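Colleague: Sequence:
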Amino acid sequence: MSAANSHWETLFRGATVFDGSRAAPRQIDVAVSQGRIAAMGENLNPANAGKVVDVTGKWLTPGLLDIHTHFDLEVELAPGLPEAVRHGTTTCVVANCSLGVALGNQRRNGEDPIVDCFARVENIPKPVLRKVADAVDWNDSGDYLDHFDRLNLGPNIVPLMPHSMMRIEVMGLNESVSRKPSNTEMQRMGELLEKGMSEGYVGFSTDALPFHYLSIAPNERKQIPTQFASHGELKYLTHIVRKWDRVWQATPPKDSRIGTLRTFLLTSGRFFGKPLKTTATAAIDLVANRSIVRMGFTLSRILNSRLIRGMFRFQALSAPFKVWSDGVVTPLAEEVPELRRLNEKDLEDHQGRLAILNDPEYIKAFRKMWYKGKRGFNIERLKTLLRLSDNVLSRELSDMQIDTAPVSAWNGEWMDAVYNRLLAWQAGDKRVARNDEEDAAFAAFPDPISDDCEFFLHLLREYDTDLRWVTTTANTNPEVVKKLLFNPLIFPGFNDSGAHLTNMAFYDGNLRTLKFAQEDIASEGLEKVAYAVHRLTAEPAEFFGLNAGTLKVGAQADITVIDPAALAAYEPEKRIEYIYRDLFEHHQMVNRPEDVITHTMISGYMAWQEGSFTEHFEKVRMGRVLRHRDHELEQTYAANSDEPQEALRAA
3 MSAANSHWET LFRGATVFDG SRAAPRQIDV AVSQGRIAAM GENLNPANAG KVVDVTGKWL
63 TPGLLDIHTH FDLEVELAPG LPEAVRHGTT TCVVANCSLG VALGNQRRNG EDPIVDCFAR
123 VENIPKPVLR KVADAVDWND SGDYLDHFDR LNLGPNIVPL MPHSMMRIEV MGLNESVSRK
183 PSNTEMQRMG ELLEKGMSEG YVGFSTDALP FHYLSIAPNE RKQIPTQFAS HGELKYLTHI
243 VRKWDRVWQA TPPKDSRIGT LRTFLLTSGR FFGKPLKTTA TAAIDLVANR SIVRMGFTLS
303 RILNSRLIRG MFRFQALSAP FKVWSDGVVT PLAEEVPELR RLNEKDLEDH QGRLAILNDP
363 EYIKAFRKMW YKGKRGFNIE RLKTLLRLSD NVLSRELSDM QIDTAPVSAW NGEWMDAVYN
423 RLLAWQAGDK RVARNDEEDA AFAAFPDPIS DDCEFFLHLL REYDTDLRWV TTTANTNPEV
483 VKKLLFNPLI FPGFNDSGAH LTNMAFYDGN LRTLKFAQED IASEGLEKVA YAVHRLTAEP
543 AEFFGLNAGT LKVGAQADIT VIDPAALAAY EPEKRIEYIY RDLFEHHQMV NRPEDVITHT
603 MISGYMAWQE GSFTEHFEKV RMGRVLRHRD HELEQTYAAN SDEPQEALRA A
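Heads up, the final residue of the sequence shown is numbered 653 in the working numbering, and it's a clean run with no missing numbers.
Certain hints may be false.
Straight-line alpha carbon distances no greater than 30 angstroms define the calculated BS3-like cross-link-like pairs of lysine-lysine that follow [claimed, not checked]:
{"no.": "1", "residue 1": "K237", "residue 2": "K256"}
{"no.": "2", "residue 1": "K485", "residue 2": "K385"}
{"no.": "3", "residue 1": "K256", "residue 2": "K347"}
{"no.": "4", "residue 1": "K347", "residue 2": "K133"}
{"no.": "5", "residue 1": "K432", "residue 2": "K256"}
{"no.": "6", "residue 1": "K224", "residue 2": "K276"}
{"no.": "7", "residue 1": "K385", "residue 2": "K366"}
{"no.": "8", "residue 1": "K347", "residue 2": "K376"}
{"no.": "9", "residue 1": "K224", "residue 2": "K237"}
{"no.": "10", "residue 1": "K182", "residue 2": "K276"}
{"no.": "11", "residue 1": "K347", "residue 2": "K128"}
{"no.": "12", "residue 1": "K53", "residue 2": "K128"}
{"no.": "13", "residue 1": "K224", "residue 2": "K53"}
Label-pair distances were calculated between CB atoms; the ranges are [claimed, not checked]:
{"no.": "14", "residue 1": "K53", "residue 2": "S410", "range": "47 to 53 angstroms"}
{"no.": "15", "residue 1": "E521", "residue 2": "S410", "range": "34 to 40 angstroms"}
{"no.": "16", "residue 1": "Y238", "residue 2": "P339", "range": "30 to 36 angstroms"}
{"no.": "17", "residue 1": "S410", "residue 2": "S525", "range": "45 to 51 angstroms"}
{"no.": "18", "residue 1": "S525", "residue 2": "A25", "range": "17 to 23 angstroms"}
{"no.": "19", "residue 1": "R152", "residue 2": "P129", "range": "22 to 28 angstroms"}
{"no.": "20", "residue 1": "A445", "residue 2": "G261", "range": "47 to 53 angstroms"}
{"no.": "21", "residue 1": "H149", "residue 2": "S410", "range": "34 to 40 angstroms"}
{"no.": "22", "residue 1": "S410", "residue 2": "P362", "range": "30 to 36 angstroms"}
{"no.": "23", "residue 1": "G430", "residue 2": "E350", "range": "48 to 54 angstroms"}
{"no.": "24", "residue 1": "Y373", "residue 2": "T406", "range": "24 to 30 angstroms"}
{"no.": "25", "residue 1": "R436", "residue 2": "R28", "range": "57 to 63 angstroms"}
FYI, nobody ran anything at the bench for these hints, they're computed from the structure.
All values derive from a computational prediction rather than experimental measurement.
C-beta: ideal position from N, C-alpha, C; glycine also.
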């Protein structure tokens with residue numbers, strides 16, 4: 003059927019169109035019919051369209067991909083995934099870091115794996131996790147994929163097979179963190195992974211970050227099951243992934259550079275016959291240790307070299323790594339044994355944390371941790387001065403800003419300013435207190451206060467999780483971040499969307515990457531923007547083997563429209579909000595890029611338009627589960643058939 007006599011449901015007119023291929027943008031129109039791109043060209047006839055959308059002066063791109071999310075939890079409660087859609091995201095990769103729900107809730111023998119595994123690793127409150135586990139009504143990886151057909155999805159969902167859950171399925175949760183698998187159990191894990199690959203899962207996820215712990219007794223001091231896998235187990239399972247030409251998502255054993263190299267050498271085509279597509283978190287510029295980012299660049303070059311013949315991509319975050327903490331409930335605490343001990347207690351267990359904080363032996367250990375590398379003449383002090391510290395958290399009050407506290411005068415203040423006022427107040431200058439509220443708060447401190455460590459301990463005892471504070475531990479240099487994002491061996495996209503509900507918000511990660519590219523228009527024109535669009539759409543889609551990321555006739559109509567003027571004016575750090583989600587019965591940190599995304603279309607349905615969700619959003623199924631390479635079959639049908647979209651999906 004020709005464009006001249008066709009009828010389109012929607013016609014986008016006047017946009018600067020980036021097709022995802024990295025080609026220069028064109029001023030053309032884009033027509034959509036039956037969920038697919040029906041025509042692209044200059045001056046398409048508006049009389050043939052049911053709805054004409056004037057997007058003159060806007061950028062029109064393929065729907066954006068978010069390649070590192072934990073939306074596999076939220077999608078069961080809010081399948082529209084509004085925080086993704088409002089940011090122009092139309093495809094989300096889920097079940098990263100070895101955790102997911104592909105094999106059901108796995109509640110057996112009193113075990114509750116979804117709650118136990120996710121609570122501390124992804125900082126999601128247990129009541130929210132129980133809601134998700136209660137909603138699960140499948141126990142098979144194939145049924146999991148099929149159940150998405152019953153949900154009114156917003157974005158497309160792309161699941162990985164999660165290693166921790168595979169171990170739990172075969173061994174049980176307690177056994178999976180207590181002993182090695184038998185040969186029979188290892189074989190059964192391989193069968194589960196083979197089955198997942200045959201069903202169309204795009205890959206397999208593992209995790210080796212040593213601070214990812216379980217949350218329910220008796221295992222609260224044990225790491226999640228994937229951490230107990232031997233190198234031989236990883237080699238066996240990744241061989242299956244390699245055979246199917248799928249993706250392995252991993253994290254490094256960060257405390258061992260030799261272990262990291264050995265692990266990631268599994269990507270090698272030189273050693274294992276053909277390259278294994280591997281993507282890992284994260285290439286990041288730590289404030290405390292500048293060697294990490296250099297190692298990321300170096301390791302990427304080595305693993306992708308002709309010598310190793312790997313296909314390895316780190317993931318990079320496009321934002322400063324700004325983390326909020328509710329007392330010590332924060333992912334940063336899990337990296338520090340003394341703080342981690344407090345995190346072993348449930349969120350609501352204020353008295354349990356207080357008992358620990360008042361224990362003299364604990365106080366002694368805490369003080370030793372607090373001053374490690376900060377005092378004296380020793381190796382740790384030298385490493386701190388050279389920015390080679392092993393401690394991500396600086397433990398400097400000047401780096402810790404109070405967000406909200408029961409003492410309202412402290413809201414927005416840096417902790418060192420409050421501490422210095424306290425010292426002056428205790429020295430006799432009572433006028434320094436901002437008001438009666440602060441005066442009463444100062445009166446409750448030990449007098450005299452001995453040092454900044456005692457000050458921080460008192461805050462934790464007195465206010466616990468009611469004290470929200472924030473610190474930035476990485477990506478403070480925009481130029482280094484830009485080098486990471488536009489390095490061809492590193493993917494932009496370590497957003498962790500859907501996790502760490504009250505600790506961080508990077509839902510706008512894709513927009514931040516585009517904003518970096520936009521800053522170079524004066525020197526590089528729109529070519530840099532075209533490259534950024536490619537890096538957020540077609541490039542990761544090709545890596546994961548997805549029917550997504552490109553604009554061409556016959557492709558699924560996943561479309562994002564961006565206002566470049568609003569993007570230029572967007573100040574991301576000023577648009578982070580702390581909201582209450584009724585669905586979760588819990589607070590959540592979100593981003594609010596006002597007016598940047600003007601339209602988000604998913605499979606021909608308009609989901610977001612001019613600042614609000616459309617009437618169809620969450621009432622009809624827009625996205626779908628994307629299986630590996632399903633686009634090869636669908637594009638064949640699209641090129642040779644007039645069958646409607648639903649028939650193509652059935653095929």
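Colleague: Indicate, hint by hint, whether the structure satisfies it.
Modeller: Hints and how they fare:
For the proposed pair K237 and K256, the alpha carbon gap of about 19 angstroms is at most 30 angstroms, so the pair holds. With a CA separation close to 25 angstroms, the supplied pair K485 and K385 stays within the 30 angstroms bound. About 25 angstroms separates the Cα atoms of K256 and K347, which keeps this hinted pair within 30 angstroms; it holds. For a cut-off of 30 angstroms, the pair hint linking K347 to K133 stands: about 20 angstroms separates their Cα positions.
Restraint check: the Cα-Cα separation between K432 and K256 comes to about 48 angstroms, which exceeds 30 angstroms; the hinted pair is violated. Under the criterion of a C-alpha separation no larger than 30 angstroms, the hint pairing K224 with K276 is inconsistent with the structure, at around 35 angstroms. Among the hinted pairs, K385 with K366 is consistent with the structure: their alpha-carbon atoms are about 23 angstroms apart, no more than 30 angstroms. Using a Cα cut-off of 30 angstroms, the hinted pair K347 and K376 holds, with the two alpha carbons roughly 28 angstroms apart.
Simply put, K224 and K237 have alpha-carbon atoms about 23 angstroms apart, close enough for the 30 angstroms limit, and the pair holds. The straight-line distance between the Cα atoms of K182 and K276 is roughly 29 angstroms, inside the 30 angstroms bound, and the hint therefore holds. About 12 angstroms separates the Cα atoms of K347 and K128, which keeps this hinted pair within 30 angstroms; it holds. A distance of roughly 45 angstroms separates the Cα atoms of K53 and K128; the hinted pair therefore is violated under the 30 angstroms criterion.
Among the hinted pairs, K224 with K53 is inconsistent with the structure: their alpha-carbon atoms are about 57 angstroms apart, more than 30 angstroms. Separation of K53 from S410 is about 49 angstroms and conforms to the stated range, judged on CB atoms against 47 to 53 angstroms. In this structure the hint that E521 and S410 lie 34 to 40 angstroms apart at CB holds, the actual value being about 38 angstroms. For the pair Y238 and P339, the supplied restraint of 30 to 36 angstroms holds, since their beta-carbon distance comes to about 32 angstroms.
In this structure, S410 and S525 meet the distance hint of 45 to 51 angstroms, their C-beta atoms being roughly 46 angstroms apart. Checked against the given bound of 17 to 23 angstroms, the beta carbons of S525 and A25, roughly 20 angstroms apart, stay inside it. The beta-carbon spacing between R152 and P129, approximately 24 angstroms, falls within the hinted interval of 22 to 28 angstroms. Evaluation of the 47 to 53 angstroms hint for A445 and G261 yields a pass: the beta carbon distance comes to about 51 angstroms.
For the hinted restraint 34 to 40 angstroms between H149 and S410, the CB-CB distance of approximately 47 angstroms leaves it violated. In this structure the hint that S410 and P362 lie 30 to 36 angstroms apart at CB holds, the actual value being about 33 angstroms. Between G430 and E350 the Cβ separation comes to about 40 angstroms, which falls outside the hinted range of 48 to 54 angstroms. A C-beta distance of roughly 28 angstroms is found between Y373 and T406, which places it inside the suggested range of 24 to 30 angstroms.
Distance hint for R436 and R28: a CB-CB separation of about 58 angstroms, consistent with the stated range 57 to 63 angstroms.
Hints 5, 6, 12, 13, 21 and 23 from the earlier list are contradicted by this structure; the remaining hints agree with it.
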